[in-house]
Each structure stands twice: as structure tokens, then as C-alpha cells.
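Peer 1: The primary structure of each chain is shown beneath.
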Amino acid sequence: MSQAQAALDALSPGAAWNPYVPDASNPWDEVKVAHLYRRSGFGASWSTVQAGVKSRPADVVGRIVSGPGADAEREFEAVVARLADGVVKGNDALQAKALWLYRMLHSPHPLRERMTLFWHNHFATSNAKVRSLRLMQEQNETLRRHALGHFDAMLAEMTSDPAMIIWLDSDSNQKNAPNENYAREVMELFSLGVGNYTEKDIQEAARALTGWKTVASRAVFDSAQFDDTEKTVFGKTGRWTSGDVVRLCLSHEACARFIVRKLFRELVSETAVPADKFLEPLVSGFRGRNYDIAWLVETIFRSSLFYSPAAIRQKVKSPCDFVMGTVVALEGSPGLTQLATVCDQLGQSLFHPPSVKGWDGGPGWINSSTLLKRQNFAFEVTRGTGPALRTDPARLPPEYGITGSVPITEFFLRLFHQQVEPGALQSIVSQLETERAANLAALYGDASGEAALARSAAHLAMTLPEYQLG
Amino acid sequence: MPVVRVAVLAAIFAGSLGIAAAAEPTARDLVSPETALLIEINQPLQLLDNPLGRDVWSLLQGTSGVQQALTSPEADRFRQAAKFIEKSLGVDWRTAIGRLTAGGIVVAIGPQKAPAEPVVTAILTAADEQTLKQFVDAVQAEIQRAAKAVGDNANGHKAPATEADRYRSYDCHRIGKGHFSVVGRQFVASNSRAGLEATLDRLSGIATSKAFAPPDSLRLVNGAGQPPLVLATLNVKMVREDPNNKAPLTFPANDPIPIVLLGGYLDLFRRADFAAAGLFAEGPAYELKVRVPVGTEGAYAGLKGYFASETTESAPRLLQPAGTIFTTGWFRDYKKLWDARRDLFNAEVVQKLDADNAKAQSEGAKIGPADVVQWVGPHFRFVVTRPQAEPLYNIKLDERLPQFALVISVRDEAAFRQRVITAADSLLWLGVSSANLGGMRPSEYRGAKINTIRFTEKPEVTAPEKLVLYNFEPSYSLTRGELIVGSTSEIVRNLIDELDHQASAPETTAPRPERPTDQQRLSFTELSEFLKGFQQRLVRDAVLNRGLAPVEAEREVDVLQQVLRRLGSLAVSSVIAADHFDFGVLLGPAEEEP
Chain B
1 MSQAQAALDA LSPGAAWNPY VPDASNPWDE VKVAHLYRRS GFGASWSTVQ
51 AGVKSRPADV VGRIVSGPGA DAEREFEAVV ARLADGVVKG NDALQAKALW
101 LYRMLHSPHP LRERMTLFWH NHFATSNAKV RSLRLMQEQN ETLRRHALGH
151 FDAMLAEMTS DPAMIIWLDS DSNQKNAPNE NYAREVMELF SLGVGNYTEK
201 DIQEAARALT GWKTVASRAV FDSAQFDDTE KTVFGKTGRW TSGDVVRLCL
251 SHEACARFIV RKLFRELVSE TAVPADKFLE PLVSGFRGRN YDIAWLVETI
301 FRSSLFYSPA AIRQKVKSPC DFVMGTVVAL EGSPGLTQLA TVCDQLGQSL
351 FHPPSVKGWD GGPGWINSST LLKRQNFAFE VTRGTGPALR TDPARLPPEY
401 GITGSVPITE FFLRLFHQQV EPGALQSIVS QLETERAANL AALYGDASGE
451 AALARSAAHL AMTLPEYQLG
Chain H
1001 MPVVRVAVLA AIFAGSLGIA AAAEPTARDL VSPETALLIE INQPLQLLDN
1051 PLGRDVWSLL QGTSGVQQAL TSPEADRFRQ AAKFIEKSLG VDWRTAIGRL
1101 TAGGIVVAIG PQKAPAEPVV TAILTAADEQ TLKQFVDAVQ AEIQRAAKAV
1151 GDNANGHKAP ATEADRYRSY DCHRIGKGHF SVVGRQFVAS NSRAGLEATL
1201 DRLSGIATSK AFAPPDSLRL VNGAGQPPLV LATLNVKMVR EDPNNKAPLT
1251 FPANDPIPIV LLGGYLDLFR RADFAAAGLF AEGPAYELKV RVPVGTEGAY
1301 AGLKGYFASE TTESAPRLLQ PAGTIFTTGW FRDYKKLWDA RRDLFNAEVV
1351 QKLDADNAKA QSEGAKIGPA DVVQWVGPHF RFVVTRPQAE PLYNIKLDER
1401 LPQFALVISV RDEAAFRQRV ITAADSLLWL GVSSANLGGM RPSEYRGAKI
1451 NTIRFTEKPE VTAPEKLVLY NFEPSYSLTR GELIVGSTSE IVRNLIDELD
1501 HQASAPETTA PRPERPTDQQ RLSFTELSEF LKGFQQRLVR DAVLNRGLAP
1551 VEAEREVDVL QQVLRRLGSL AVSSVIAADH FDFGVLLGPA EEEP
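Residue numbers (the working numbering), protein chains in the order written: chain B, 1 to 470; chain H, 1001 to 1594.
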């Protein structure tokens, strides 16, 4: 049994989901603040973490969930819309990925982007089949709009989303030749999970979902292709439509539990698996609040469990988490198409999930090839030149008034790991002193020697195995 | 009296310096005759001090790209080097570089003799002996310090091996693979000991072979008789003797393509022993001159008259309709080339050319290469302009491509119209209609008939690669002794206007004995105007590809346009005279704002 599982099992559901209250033995510190920012967005800069430590946990969570306000989001969306227009017209797939990374890096509401990415993996749709950046972009906007809204509305809208219609063959689901693809996935992957429906339910639901197709990139309901006869789904009989299938799924007792469990894995822990009973407070609350995603997410972020050893560093960073988290921590602004390429190479090609099941995540992100590529990225991004020209760790120590090899090393260990493990500190400092001695630059007593030192310290801190965990 | 004594000593010291200076050979005199490429940098600091360079640099400094680059490790290293020089000589780095390179820098690169690297020898001449000694001592001390630090830490880095000895009466040093010696105010360095010793032999007057000696005509100067900032001299003979380079320079040739494309130029390099290129700063502009000291005299028989020369016409005047981004004109007499095919190509190639010609003359349109070269004149022009103001089609394009046209002189307009244009009209009409591409639209303009292909508009087309089509309505006209083939009917009309304008306004400059065979002009000002239509794309690319904030990106695009306007234009010309070939490039603000 893992330590995380043991920590989870030691908690009762009530204690686990009660709000976290700091005390002397369990203080609100850099570890917890950085953990919150990693799970609710794509990490945080040094100054953000320090400001978070000085605030109350409830206030930080409140700000993260509510976001910066409608005006700031609208202003940001206007900038993105200008960029998106050209990307879609130019049908530039790499720039489309880069544009999403732009959102992850610069959005005033990082939680919305984090949840949009989660829903992209949940309703996994790939442009490999859709072959329309315009439709993928529109689906992405739909996911973003509902990312912290209500799951019932999102599921309804995804059922008639043009990209989804193409992706799961709804356009060939006609009354005389039903295609069960969407009916199966809406139950298995989008709302209920395996074991909560029968093959007959799928066949009947497929008939209820007939009639949808795309015309000139728009979803159109063709009543001539709709099977208007009676169907029986989950034991209920009627002349069901696609809207009824969504409603029936949402009213199924497994639906809320399925989504809560999936979000637990996304936001809390990949290594600890909770019993159904453990999740029940969240499940009943989620269902009772009409699938209010923001409530669910906020409840998780406020909980004691979220700040326990069962959650902290209990996920393997996805490529987006790894790459964007590094850039956010280093306060950089590198070329985003290059970062998109790095994410592709690490196994997370945005808008191109490998299948309708999405990315497996967890330990699956790491293998001998991707680990080497992660280390190469760490080297590149800390050089202060090359593809990551606008991400230079050397800028940070002077900005925060830090000099000397030991303080600089401590700074990067705390920035990336929120703790200074003595063995790691000693090992990195020793290496830096060797480099400094051999560096001609050190002779002249200006900042250049420290710059080289800071780059090396940042790189070495990133190469510690713990940096792969989020 | 002390004052007198000091004055006498000063006079003696000054005199001794003068003697030393008189005895010192120039760096060029020290270069081996076995040099493949010689680069002489006469005024290193002036390379940057040109007003154009200063202005452009000042504009670029406002961009985040340059600001970032200035904080990069590479820039750090440059700053470290500058600080080192300042610390060594006790003056600011510009003054220090000025003193260290007052007598110029000469780099001689020997021939490649695989597997060995070519011998590279550099000679730097400082303002005075003291400056150079002070600097070299500082470098050596620094290297020893670094080597000691590396050794002390034993971290796996290898310090470069150093050693010192004497060759003849000179102190010689080695650091890693580099060898150097300081003699008076000259610093001699080479990547081989032999290279260093050969230079020291020349310095001491022991060497018996002559120095590298290209003809005096290759000592390029500008209009005021000043030498260039940088002069590069290539030993063409040495390059030509490389077995790998022999085939393309052999006549009669086995392959007609290089001869058709580069014949005259290949011939120049077949005969020249040297070529030189000089970079000048001319007021606010930079000028590059390339000279090869052989011309049409002695040219290979089959190539005489193929390029423009004193005995032929010149390259045509450049066409510059409104909004011209790029314009070029060149002289090539393909009829002369065809007629001389037996001199130019081997028997097998000639036989094949004749057979192909006979076959073409007996089939289809019954037009062979021999006919085409009879009809087509020696003047060719190509023009690229900004797109016209009005869209060509109802389909709206966010980004419009430039218009372009090829203009070819025609010797026999009537025959060409009868044999080629009539056939082309019919074939195009058939092709366009049967492929359902669109239709032909004839029109008249100032007495010229213009035929235009209009593509059918398909509103459902949204793929960017398909929308590109709606930038074009291919058009052509045979008029005024010229065949004009353009990407739009507007550019064809504009060129008809321009031809009429040129006919009514002959060139004001007196005809030169040296006639350009190629001319080009790129207007950065017009390019800047053209790029305004791509503003959104440039901003988007800067944001997504380079990570700039949108505001920063907009500023950078603005700077790019300012830089282009400041650069003005790039003019290029090639001249083959009786005894030399000149190639010139002028970069600078030589035009008014549009």
C-alpha cells in the first residue's frame, strides 16, 4: 500500500472533506500554496507563492475559483480572439496548439484553462479525424465556457457539437442505420462508466440520437433521419430524443459519482484510490447542486484531504504541466509553437488525444524516451538562449535580491520543490563552485558570473526526480 | 637644461619609432603566395560606425528580440571580452579595439588539403608595441589563471595546453591548437606551427618566395580613392585547380544547363586568376564591389555576345511601375548561344539538341527551340509590385499577394503573334474551359490586346491553400515589341504605361562604355508598405512563435517597417567590360518615401 493510500485510508470522509484549517503542526506554507497553484492552474511564480503564503487559504482558493472578474476575462478573450481568427483561417495546427498554451500562460483565470484541458481529455476529440481547426476551436470554446459551469449543460451541448458529431460518427447515425458510437461513449466515457448500462441501453439510445449531422460546419438536426419511435433506456420508455438521452444519463445514480471520481484523480491524487463511500459527500453535493462544477472544484481545494500527504506530489506531471509549470515558475515568455512541439514530443499533442479515451496520464507519461526529452527541455529552458530565449533563470535571483551560490541554489530548490533537501543543496552547490572557478566571467566581479551560476542551479534543481511529480 | 634634454630625448624616441615603422613590413607582405582567400579588415570599428548601421541598430535596440539577445549568455560573453579588453588596456572598449587594430587585421586562409584543416594565419597590427604587449600579457595571465583553476578543481574540464619556445629570434607561444608570436606592434597567429614559422620567415626577410600578389587592379578603391573597410581576395586559380571544380568550367561542355544559366560567369572564372570583393561605407550607404580582372576579351568563342558587352546592347532599363518592390532586367542573347552550340557543347549534346529541335518543328505547334530563339530578343525583365488596391474577385482575402510580371523582348512581333500567341489563345481557352477553372476575358488597353484568365469564384472554398488562387488573374499581351505575362491584368496595364513612359523619356545618363548585363533593385520601402497587409499575421507569429506580448509584437512589427524604410533599397548590377567583370551591390536610403 502506498503512503498516499495509507494517508487517505487514515481519514474519515467527514474529516477529509472538511475545510483545511492551518495550525502549528500543519501550517499553510510554500508546499501547500505551490501544490494548490499546480492543481488549479499551471504552477506559480516565486512572488505568487510568497503572496499566497501571506494570505489565508480560504482567500487564495476563493480568488482562484472566482477568477479576476468578467471585465478582465473579456479583455483577455478579445486579444485571444484576434489571434485565433488568423490561426483558424490559416489552418495552422501548430499555432492552434500554441494559442492554447498562450491561454495557459497568460489567462487571468488559470483554473478555467486547467479545467478546459481536463474536459478536453474527458470529451477527447481529435483533429486527426475532425480535420477542421475551426470546429476544434469552437469545441474548445464550448468546453471553456462550461469548464466551471454545470456538467448537465456541457454534456447537452457536446452531444450536438459539430466536432463531436464528426469524431463519433453521429452524422452517419440515421434512423434506418443507427450508429452506436456516440451512444456508447456518452455512457461509458462521458457520464456513467463501464458497468452502469447494458448493450440494449446503447442500442436504444443510439436510435434516440439519430438525425444529427453537420452542414457547412454547423450542427443541423435532420428530422427526416430521426427515429421517432419509442425507445427504452435505463428501463424508461418514451419517444426519446438526444436531449432525453442526456437527461436520462444525468439522472442515473452513477453519473455524479463517475465525474467526481474522475475529478478526484485529476485534482487530488493518482496514487490513492478512494472508496465510493469516501466520495459520497462530494457526489451527493454535486448531484444536489445540478452538477455545479465550480462548487465541486472549490470544495476539493478547500478540503483537508487536498493538503494532506495523500494529495501533495501524488501525480505525475503531464507534459503541459511540466512545460508550462516550468515556464510559469521561471517567469518566462518563450516561443509557444516551440513549447507546443515539446508537448507533442512528450506525448501530449493538444487537439490530438490518442483516442476517445483521452490520455491515460499517470505513470504513462514517463518512459525512457520522454524522460530524456524532459531532461533535454530542462537544459534548453535554463540556458537563457535557443528556443527558450525569453526564459532566463538568470533574471530571477537579481530580481529577488539573491546572490551567492548557496542562496541561489536554495532559491531554485524552493522555487521548484518548495523545500531544500540538504543532500541536493550540497551536491548542486559543489557543482556550481567548480563551474564558477573555471568561468573566466567570475573574474570581473559583475553579474555575468552569477548569471551562469543561476542557469546551472536552475537546471540542476529541475533534474531532481521529484520535479516530475505535481 | 632639463627641458631641452627632454625635448631631445623625445625627438630621439620619435625618430626611433619612425625607423621602426619604416622597417615594418605590411601585413599583406607577410602572406604566403599559397593563400586561397585573403581577408583584410582595414578599419574594423568603421564597419559599425556607418550612419545607416547606427540608425538601424538604434531602431533594433527598441525590439524585445534584441533586448533579450543583449541579455543572453552570448552577449554576456561579448561583454566579458569587452570588459577584459578594457581592464587590460585601461580605456573603454571602443578605444581599446581601435588601438589594438589600428593597423588593420589580415586573415589568410590556405588551400584545403584534406584531411588536414586549411592553414589559417591572422596578422593584427596594433597602434603601438606597448598596447599590444600589454594586451597579450593580460591574455596569457588570464589563461594561466583559468588553467590553474580548472586543474585545481579537477572536475573533468581540460585546460588548453600551453608552451613557449623560440623560432629564430622570435618568442613563440602555443595555446591548444593555436600558435602566436608578437613582433613589434604585430600579432601573428596561426592554427599551425608551420603557418606561424612561414610568416615569421617573411617578417625576418629570410623567405625566398614572393608574397601573395594579386594584380593591382584588385586593390579596390571607392570614388574618393579610399580603400574598402574590408577587402577579400580569392585565389581563383587555386580554387579552379581543385579537381572537384573542373567539370563545370570545361568547354565544350557535357551539360547544357549550367552553360545556359551561368555560361558567361563560368567563363570568367575559367580564365581569372584572382577575384576581389570590397565593402565600402559610402555616406549613409554600404557598397559592395566585386571585381574579376578578366572581361570579354579572351572570352570563350561561343559565349561572345551572349552577355551584354561594349559591342552589344545593354541590359534593359528597369521597369518601375507604381508600388514596385522588386525589379530586374538582364541581357542574354539566346540566339547567339544557339548559333554557337557547336563551340559550346560536345558533339553528342549538339546532336541531341538538333534532333529535339527537328522533332519539335515537325510535331504539334511545329515550333522548335531554333524558332523561339529567333523570335525572342535578348532583353528580359521581371517586376514585382504591391497588390492593386481593389480586390480582384468578390471573395475577400485577408492577405493579398504581390503582383508580378515577366517582360521579354520580341525580335519579330508579327511572326511571334502569328505562330505563338494565336496558338496560345486557343490552347488556353480550351484548357481553362475544359478544366472548369474559369474563362478567358480579352480586353484592349492603349492599343494593346490583353488576354486574361478569370477563375470561377467558389464561395464554399475556405482552405487557405485554395484561396491563394484568387490573388491571380493571369494575363498576357504582345505589344511594343515586348511579350508581357503578368499575374494580373492591372500589372500588365501598368507595364504598358511604363513602357510608353520609358519610350517617351530616354535615359538621362550618358551611355557608358561598360554596359550592365544584369540589374536588380529591391525597394525595402515598398516592401514595408506591402507588409502592412500582413500586419496581423506578423503580430500573431511574433506572439505565438516568439512569445511576445501582443503589444510588444505590434511594436516590433512597427520597428521592422521602420528599419525597412530606413534601409531604402538594394541595387545590384553586373558589368562585363573588355578587361574586367564588376559586380556591385549598394544598400542604402536611395529613394523617397512612397
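Incorrect hints may have been included.
What the hints assert, rightly or not - Some but not every residue of chain B turned toward chain H, in silico, with C-beta under 8 angstroms:
id	residue
1	A93
2	L99
3	R289
4	N290
5	V316
6	G384
As the list claims (entries may be wrong) - Pairwise CB distance ranges, derived in the manner of DEER restraints:
id	chain 1	residue 1	chain 2	residue 2	range
7	B	S45	H	N1436	40 to 48 angstroms
8	H	V1551	B	S45	33 to 41 angstroms
9	H	K1532	B	E141	27 to 35 angstroms
10	B	A72	H	K1532	42 to 50 angstroms
11	H	K1532	B	I366	53 to 61 angstroms
12	B	A70	H	S1058	38 to 46 angstroms
13	H	F1534	B	Q426	23 to 31 angstroms
14	H	L1047	B	A72	25 to 33 angstroms
15	H	T1462	B	A70	55 to 63 angstroms
16	B	E199	H	S1433	53 to 61 angstroms
If you're looking for bench data, these hints aren't it; they were derived computationally from the structure. The model shown is predicted, which means the values in this text are computed figures rather than measured ones. A virtual CB, placed ideally from N, CA and C, is assigned to each residue, including glycine.
Peer 1: Each hint needs a verdict: does it hold in this structure or not?
Peer 2: Against the structure, the hints come out as follows:
Taking 8 angstroms as the C-beta cut-off, the interface hint given for A93 (chain B) is violated, the closest approach to chain H being about 12 angstroms. Taking 8 angstroms as the C-beta contact cut-off toward chain H, the hint placing L99 (chain B) at the interface holds, the least distance being around 6 angstroms. Here the hint on R289 (chain B) is broken, as its CB sits about 38 angstroms from the closest CB of chain H, past 8 angstroms. Evaluation of the N290 (chain B) hint against chain H yields a violated restraint, the C-beta minimum of about 38 angstroms exceeding 8 angstroms.
The closest approach between the C-beta of V316 (chain B) and any C-beta of chain H is roughly 26 angstroms, which is over the 8 angstroms cut-off, so the hint fails. The criterion of a C-beta within 8 angstroms of any C-beta in chain H is met by G384 (chain B), whose closest approach is roughly 5 angstroms, and the hint holds. Separated by about 59 angstroms at the C-beta atoms, S45 (chain B) and N1436 (chain H) break the suggested range of 40 to 48 angstroms. In this structure the supplied range 33 to 41 angstroms is violated for V1551 (chain H) paired with S45 (chain B), their Cβ-Cβ distance being about 20 angstroms.
Checked against the given bound of 27 to 35 angstroms, the beta carbons of K1532 (chain H) and E141 (chain B), roughly 30 angstroms apart, stay inside it. A C-beta distance of roughly 31 angstroms is found between A72 (chain B) and K1532 (chain H), which places it outside the suggested range of 42 to 50 angstroms. Distance hint for K1532 (chain H) and I366 (chain B): a CB-CB separation of about 48 angstroms, inconsistent with the stated range 53 to 61 angstroms. In this structure the hint that A70 (chain B) and S1058 (chain H) lie 38 to 46 angstroms apart at CB holds, the actual value being about 43 angstroms.
Range check, F1534 (chain H) to Q426 (chain B): Cβ separation about 54 angstroms, and the 23 to 31 angstroms hint is violated. In this structure, L1047 (chain H) and A72 (chain B) break the distance hint of 25 to 33 angstroms, their C-beta atoms being roughly 49 angstroms apart. For the pair T1462 (chain H) and A70 (chain B), the supplied restraint of 55 to 63 angstroms is violated, since their beta-carbon distance comes to about 32 angstroms. For the hinted restraint 53 to 61 angstroms between E199 (chain B) and S1433 (chain H), the CB-CB distance of approximately 57 angstroms keeps it satisfied.
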